[in-house]
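*Asks:* Chains Y and L supply the protein sequences, listed in that same order.
Letter by letter, the first sequence follows residues 1 to 141 of our numbering.
Letter by letter, the second sequence follows residues 1001 to 1430 of our numbering.
Warning: the hint list may mix true and false statements.
What the hints assert, rightly or not - Below, a list of computed lysine to any residue pairs in the SDA-like style, where the Cα atoms sit at most 25 Å apart:
#1 L:Lys-1405 to L:Pro-1351
#2 L:Lys-1252 to L:Thr-1324
#3 L:Lys-1420 to L:Val-1333
#4 L:Lys-1252 to L:Ala-1272
#5 L:Lys-1105 to L:Ala-1084
#6 Y:Lys-79 to Y:Asn-93
#7 L:Lys-1395 to Y:Asn-12
#8 L:Lys-1370 to Y:Asn-12
#9 L:Lys-1420 to L:Arg-1206
#10 L:Lys-1033 to L:Arg-1012
#11 L:Lys-1405 to Y:Gly-15
#12 Y:Lys-60 to L:Pro-1415
#13 Y:Lys-60 to L:Leu-1192
#14 Y:Lys-60 to L:Gln-1381
#15 L:Lys-1105 to L:Gly-1136
#16 L:Lys-1395 to L:Gln-1352
#17 L:Lys-1370 to Y:Leu-59
#18 L:Lys-1405 to L:Ser-1376
#19 Y:Lys-60 to L:Lys-1395
#20 Y:Lys-60 to L:Lys-1252
#21 L:Lys-1422 to Y:Arg-13
#22 L:Lys-1370 to Y:Asn-93
#23 L:Lys-1422 to Y:Asn-12
#24 L:Lys-1096 to L:Arg-1326
#25 L:Lys-1395 to Y:Gly-43
Calculated from the structure, these hints are not laboratory results.
All values derive from a computational prediction rather than experimental measurement.
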Amino acid sequence: MSMNLVAVFAENRPGQTARITGILAQAGVNISWVTIASSGRFGVMKFLVDQRDQAVARLKAEGLMVSLLEVLAVEVENKPGALQAVAEVLGRNQINLDNCSGFVANNRAVLLIETHDLTQAQAVLEKQGLRLLSQQQLQTL
Amino acid sequence: MFWDREVETLPRSGLEKLQLERLQETVQRVASKVPFYQRRFAELGVKPGDIQSLADVRRLPFTTNMDLRTTYPDGLLAVGLQQAVRLHTSSGTTGKPKALFFSRKDVENAAELMARSLVMTGITSSDVFQNMMGYGLFTGGLIMHYGAEKVGCLVIPAGPGTSERQLMLMQDFGTTAVHILPSYALYFAGFLEQRGINPRQHLKLRKAFVGAEPHTEETRLRIEAALGCDVYNSYGLTEMNGPGVAFECEHKAGLHLWEDNFLLEIIDPATAQPLPDGQVGELVLTSLRREAMPLLRYRTRDLTSLIPEPCACGRTHRRLNRITGRSDDMLIVRGVNIFPQQIERVLMSLPQVGRNYVILIEGLDDLTVKAELSASAFDGQVEHLAALQEQLTEKLRAEIWIRPKVELVPAGTLPVADGKAKRVIDHRVI
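The shape of chain Y in the complex, shown without the other chains (with noise of 0.2 Å):
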């Protein structure tokens, strides 16, 4: 039960993000989480947007660099200790976090995970218990 994140790399200047977010919105398309990491001159930001598939052929018709990202969301208890015993799990069985960002939203805990090993990290998360959400159930929290 993996999403994908639209990826974007963009020089780091002023103006990029309105350009970028423009091009979306012009689409239609709606950004229900994002993030944007930043090296030095160029960054890359990462949309989970409601129209995967609208939105890069827009970005990518705008000459832009696309890459789509498979990441999982976990629900969590919202409580302290939640991501702890999320990461422990993941520790435990050797599995390293590549990305990872949460949030919380109408007392709802979800955290977005990026991993290499994502077929594991499902496996070992759902084992323990925790709920992933599908990208519908997401949205719609």
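Let chain Y serve as the given structure and place chain L on it in line with the hints.
*Replies:* Frame of chain Y, contents of chain L only:
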């Protein structure tokens, strides 16, 4: 395949005899017709009769880039203006261009050398030849056009128009060969990729001729992979007719210089002394057949070396190694001599690096290399980009001995030139 087998395979002794006759004739003519050379001969105390062997060419004066500018527009003409039928210029970065005149015989001869060069790679009259070089004052377009037409190809004088139109012509007329700038070939390959066009499947291209910009073997391999065809390196300069001075044969192992038309020397650019075969130095050319505007010992400023061994193709005209740079392209950054080709070689050897790059020098000797990322190399991970940047910096440092700042930019963000690519931008204020 040969266009003129007899001349192309002339035994060295016969070729050198022909060279000497033509050299003597050329020297005789400039001595009687061109005041500039009359003055130079007088200064050096040399007379046409002194040229008794090919080695005597060293007694003759050099002609430089600057000489062409000071005699601009027509101070080096050896015929009356009414005998000249064509003017080309060579662009200068500053001031006036260099003006080169052609007589009718010169135009015909330039086309002849071009035809030899094309046929040497396997071009025949059944080829559809799309000439994507600029027509006009630049020799690259027109002279190549004449040569391809002489071979009997269907020539499409496309010029450097938009990629859309180039592609349309290629598809509609089944283009089999193109003449293209290497920088544009790389850009065009990206354009095809974006359009979902696989040249091997959707186009009939089998040969591409690249020239007018010095480029590396790594760039050739990239263009071959991206366009799915053989790529041949060519060398020419407006001062010596334009393209078709030296060209690769089917073996792609150095460029045969047409020695029945040009007398070559390789000299140390600093001391102007001849260098032994195989050593890299400045190429110096004397035109042996140019009628309207012969040039003696023209200092091309192009750096190369001679391959004295015979070629497997059977031609006796000796080969030059790929031009490694132009002596005035050399950059001095933090006291280190750097040729842009060194940087290009590193960039093009990494598949993650895309097809366009620019070298920036700013402030007090700060060297920045901006390189586009190749479309397939982006996997969404910023860490991988940072690692690639570091790897690139390290490889460049090993090649040029100073540590440049490397910036990776998205494909398609660096400017694409209309004509020759501007790879080096020097903003230093000295």
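*Asks:* Confirm or reject each hint.
*Replies:* Going down the list of hints, with the structure as the test:
1. L:Lys-1405 to L:Pro-1351: Within the cut-off at roughly 20 Å; holds.
2. L:Lys-1252 to L:Thr-1324: Holds: Lys-1252 of chain L and Thr-1324 of chain L sit about 16 Å apart, inside 25 Å.
3. L:Lys-1420 to L:Val-1333: holds, 23 Å
4. L:Lys-1252 to L:Ala-1272: violated, 30 Å
5. L:Lys-1105 to L:Ala-1084: The given pair, whose Cα atoms are some 9 Å apart, holds under the 25 Å limit.
6. Y:Lys-79 to Y:Asn-93: Within the cut-off at roughly 23 Å; holds.
7. L:Lys-1395 to Y:Asn-12: OK: Lys-1395 of chain L and Asn-12 of chain Y at ~24 Å, within 25 Å.
8. L:Lys-1370 to Y:Asn-12: holds, 14 Å
9. L:Lys-1420 to L:Arg-1206: holds, 23 Å
10. L:Lys-1033 to L:Arg-1012: Given pair Lys-1033 of chain L, Arg-1012 of chain L is violated - Cα atoms ~31 Å apart, limit 25 Å.
11. L:Lys-1405 to Y:Gly-15: Roughly 23 Å separates the two Cα atoms, so the pair holds.
12. Y:Lys-60 to L:Pro-1415: Given that 25 Å is the threshold and the Cα spacing comes to 18 Å, the pair holds.
13. Y:Lys-60 to L:Leu-1192: holds, 14 Å
14. Y:Lys-60 to L:Gln-1381: Holds - the C-alpha atoms of Gln-1381 of chain L and Lys-60 of chain Y are around 18 Å apart, at most 25 Å.
15. L:Lys-1105 to L:Gly-1136: holds, 20 Å
16. L:Lys-1395 to L:Gln-1352: holds, 14 Å
17. L:Lys-1370 to Y:Leu-59: OK: Lys-1370 of chain L and Leu-59 of chain Y at ~22 Å, within 25 Å.
18. L:Lys-1405 to L:Ser-1376: holds, 23 Å
19. Y:Lys-60 to L:Lys-1395: violated, 31 Å
20. Y:Lys-60 to L:Lys-1252: violated, 37 Å
21. L:Lys-1422 to Y:Arg-13: Status holds; Cα separation ~23 Å.
22. L:Lys-1370 to Y:Asn-93: violated, 41 Å
23. L:Lys-1422 to Y:Asn-12: holds, 24 Å
24. L:Lys-1096 to L:Arg-1326: The given pair, whose Cα atoms are some 20 Å apart, holds under the 25 Å limit.
25. L:Lys-1395 to Y:Gly-43: holds, 22 Å
Against the hints set out earlier in the document, violations occur for numbers 4, 10, 19, 20, 22.
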